[in-house]
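Using the hints, build the complex out of the two chains.
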Amino acid sequence: MAAPALEAQSLTLSWGDFAVAEGVSVHVDEGELACIVGRSGCGKTTLFHALAGLEKPAGGRVLLRGEDITGVPGRVSYMLQKDLLLPSRSILDNAALPLIVRGVDRDAARAKAGALFATFGLEGTEGLWPSQLSGGMRQRAALLRTYLMDNDVVLLDEPFSALDAITRVELRRWFAGMVRELGLSALVITHDVDEAIDLGSRIYVFDGMPRKGIVSRIVGEVDVRSAGADAARTTLMGLLGIA
Amino acid sequence: MRLPSKQKTVPAIAVAAVLAVWQAACSLGLIPAFMLPSPIAVVSALVSDFPLIWSHTVTTLLEAGLGLAIGVVLGFILAVLMDRYQTFRLAIQPLITLSQTVPTIAIAPLLVLWLGYGILPKVVLIVLTTFFPVAVSLADGFASVDRDIIDLMRTMNASNLQIFVYAKLPAAAEQFFSGLKISATYAIVSAVIAEWLGGMSGLGVYMTRVRKSFSYDKMFASILVISALSLGLMRLIGLLERVCLPWKQIERKEHGKIIAS
Numbered sequence: 001m002a003a004p005a006l007e008a009q010s011l012t013l014s015w016g017d018f019a020v021a022e023g024v025s026v027h028v029d030e031g032e033l034a035c036i037v038g039r040s041g042c043g044k045t046t047l048f049h050a051l052a053g054l055e056k057p058a059g060g061r062v063l064l065r066g067e068d069i070t071g072v073p074g075r076v077s078y079m080l081q082k083d084l085l086l087p088s089r090s091i092l093d094n095a096a097l098p099l100i101v102r103g104v105d106r107d108a109a110r111a112k113a114g115a116l117f118a119t120f121g122l123e124g125t126e127g128l129w130p131s132q133l134s135g136g137m138r139q140r141a142a143l144l145r146t147y148l149m150d151n152d153v154v155l156l157d158e159p160f161s162a163l164d165a166i167t168r169v170e171l172r173r174w175f176a177g178m179v180r181e182l183g184l185s186a187l188v189i190t191h192d193v194d195e196a197i198d199l200g201s202r203i204y205v206f207d208g209m210p211r212k213g214i215v216s217r218i219v220g221e222v223d224v225r226s227a228g229a230d231a232a233r234t235t236l237m238g239l240l241g242i243a
Numbered sequence: 001m002r003l004p005s006k007q008k009t010v011p012a013i014a015v016a017a018v019l020a021v022w023q024a025a026c027s028l029g030l031i032p033a034f035m036l037p038s039p040i041a042v043v044s045a046l047v048s049d050f051p052l053i054w055s056h057t058v059t060t061l062l063e064a065g066l067g068l069a070i071g072v073v074l075g076f077i078l079a080v081l082m083d084r085y086q087t088f089r090l091a092i093q094p095l096i097t098l099s100q101t102v103p104t105i106a107i108a109p110l111l112v113l114w115l116g117y118g119i120l121p122k123v124v125l126i127v128l129t130t131f132f133p134v135a136v137s138l139a140d141g142f143a144s145v146d147r148d149i150i151d152l153m154r155t156m157n158a159s160n161l162q163i164f165v166y167a168k169l170p171a172a173a174e175q176f177f178s179g180l181k182i183s184a185t186y187a188i189v190s191a192v193i194a195e196w197l198g199g200m201s202g203l204g205v206y207m208t209r210v211r212k213s214f215s216y217d218k219m220f221a222s223i224l225v226i227s228a229l230s231l232g233l234m235r236l237i238g239l240l241e242r243v244c245l246p247w248k249q250i251e252r253k254e255h256g257k258i259i260a261s
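Protein chains in written order, with the numbering used here: chain G, 1 to 243; chain L, 1 to 261.
Extracted from the complex, chain L is given alone in its bound form (with noise of 0.2 Å):
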């Protein structure tokens, strides 16, 4: 049972040390508080302008949430379609790992430019970087399938979106749920770039606010709910690969139990 405890123990000391390094330098004044606030300073933002930092995360989760849930949707369809045509999958491949080298930052401006102040630019440009990660992770997925399982199903007769339900799916649901959480993480990045650039409400908007009144206690609470809700969304997906894929929990222990014994 040490082992366990270690690794929990390890990252939760690194994470403690830095953050007492950092209260000291600002305490002991070798950084002046209006560059770099110390993390007491932090939370104490945090929780004296709460209501209002809320209010600000609902907007950026709704926007990332939606925008979320169109990425995979698009990435989905991609990625069933790559697998059924390979015309299509030639066609698109390059196209869609072109738009990824795109910078974010530098087609956000444009698409306030196109679409106007309002949430529409925030999730175009969140499905813009969600869709890529899970149509990748799923059609390599898709793919990743044992052939002889496709056989032996074509030799009882199996329809292709039999195959399709009962092997490929299956076959690419972990790397899905793997491609979905770096999706989350971007979703929530993307809404608040898009933010920055002009919104009425967002954390982007909200720290765009803090920074021009060099507020940066409360800029830095806001970094700090950003990464909580990165944090939380993975966990989230976590949790949801755990309902989803009972097999592979099982798995997972019988090949511990293998490495144990």
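Bound conformation, chain G alone (with noise of 0.2 Å):
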């Protein structure tokens, strides 16, 4: 069997001295997109970080289809709860931001990230400044920067709680076709069990309390394709104790 796209295998996670997860072992396959369910202040952020190669886990090894990235950073594609475009440039530039980084001529780049604003549904907003867009299509324009990083492995965190109900619910529809139209292959990290559901084929349960001494760790997995959105549900809020 082929190496998953992303595979993190029993990470140790700690803010210096201070433990905050173990044993945590979570993959992705080639264009799935998996989910990780936690309450707040379990530690998701830290594991990402990690993932994405911000930070050097304590122990354990993150692969890129068996490849040991542990620790390097920009190969995978990883996007935030804010949406942290550059106020100081345009909606194009920011899109672009990646290859210009990159090194690739700001001509080119600028073309490259134009021709997909109608893909992400952004076409008209090019000259803007991010000021000047909603909650919801700042996070398109996020979601598009993400992608010109051209990694086709992409780890969100929270990428749709900062939006409203509704513009949520849209976006993440419209985020997870998106990932089956450009053959990405990605992990969300969200505390939201619908979302979770709605989106994931798979669902990890990472659960602790590390600020009270409770080490986190992924205490269940359950795949939604095979036990449906109803059992999924009951045995999720069952393994979060929120029965």
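None of these hints come from the bench; they were simulated from the model. Heads up, a few of these hints could be off.
Distance windows between CB atoms, simulated [claimed, not checked]:
1) L/91 x G/31: 49 to 57 Å
2) L/235 x G/72: 46 to 54 Å
3) L/150 x G/201: 45 to 53 Å
4) G/124 x L/246: 14 to 22 Å
5) G/134 x L/223: 35 to 43 Å
Calculated from the model, a selection of chain L residues having no Cβ within reach of chain G, i.e. all distances over 12 Å [unchecked claim]:
6) 36
7) 46
8) 55
Every residue, glycine too, gets a C-beta built ideally from N, C-alpha and C.
Structural data, given as structure tokens:
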């Protein structure tokens, strides 16, 4: 069997001497959209920083199609809850930023990014500043920027939670379609069980309260396709202790 | 539309009222003319002595411009080094703060003593007073950048220089211009103080001369010019800010829309 697109092997995470998580093993198969559900403060962002190579985990390895990329940034794309668009750049330049950073000529970068604006539902916003866009549109622009980082494995940390309820559902359905269309493999972290069921084919439950001395771990895994949405919800609620 | 017009008329009326009271006090003979010239006397002194005042103004502006330019460059370099090297910041911060507690008026004579009566001591004094607001506002601005943006750029494998240019510099831009406005007023005032203590030309030199001849109307005329220079310089920097930070204009407008709705 081929190696998964992205795989974490028994990661140990810490904030300095402070233990956050232990034995975290998760993977995303080729072309899959998997989710991790966890409550606030369980160390989700720390886990993603480790997967993105921004921080070296205290133990364990991160593999990209079998290649060890532990502590190496830039090999998987990463999108955060906040859109983090640069306020001083137009939407077009924001989207093209990963290309410009990589040394692509500015005009070529703009042309490549501009050609994708319609696909991402952003047509007409090229010359606007980020402050002129709604939250949903800003997330679309951030997603286009993430896509132009040119890695086909994407990590998304609570990408829709800052949006209003209607935009959130709309955007995540659109996003799931885009992941399929673009052939990406994605791992999404969310605290929203319904969002995880709506998006993911497989859902990991990551739970613990490191601030209270309970080290977080992966406490379970649910296959939504084989279990069905309702059964998956019951199992997830049970694993999170919200029965 | 009532609010903006009120915001313009009230300050204008306040200034006009102060001038009217001043003029009345002089015209009614409440204050002797040799002690406090009336506003009209000041303006007529400015008009009659304008060619001479203008030639001195050019010197002061030249010194202030040169000193401010060097001060801004020095402040920028210090802020970048403080942002880049923590040890440097810890070492330099108390020193530059201390440097600002030394009164300008106390070191100016020393500078004249060390560096003579030419333009050099003036420029040095202006540099010493103007680098500080720029360095502090820029260093604070660099530090105010969202850590998540830096993390994001690291996942793009951005170099430190790219992170600086794309994230830190724009984040500091607004604070930089606030600091620059303060530095600009310091530049004019410092130039005049340095000229008081010795020199061939400049508004400070003109002031000492007219004071010695008890021409207080001309003295006030030069104060008027100094205030106008400071205001003009601040206005110029305000315009530069609008040109350099077009997105801030839009953000303010968008913010206004949200408030209004």
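Now for the hints, and whether the structure bears them out:
{"no.": "1", "hint": "L/91 x G/31: 49 to 57 Å", "in the structure": "holds (54 Å)"}
{"no.": "2", "hint": "L/235 x G/72: 46 to 54 Å", "in the structure": "holds (51 Å)"}
{"no.": "3", "hint": "L/150 x G/201: 45 to 53 Å", "in the structure": "violated (33 Å)"}
{"no.": "4", "hint": "G/124 x L/246: 14 to 22 Å", "in the structure": "holds (19 Å)"}
{"no.": "5", "hint": "G/134 x L/223: 35 to 43 Å", "in the structure": "violated (52 Å)"}
{"no.": "6", "hint": "36", "in the structure": "holds (50 Å)"}
{"no.": "7", "hint": "46", "in the structure": "holds (43 Å)"}
{"no.": "8", "hint": "55", "in the structure": "holds (42 Å)"}
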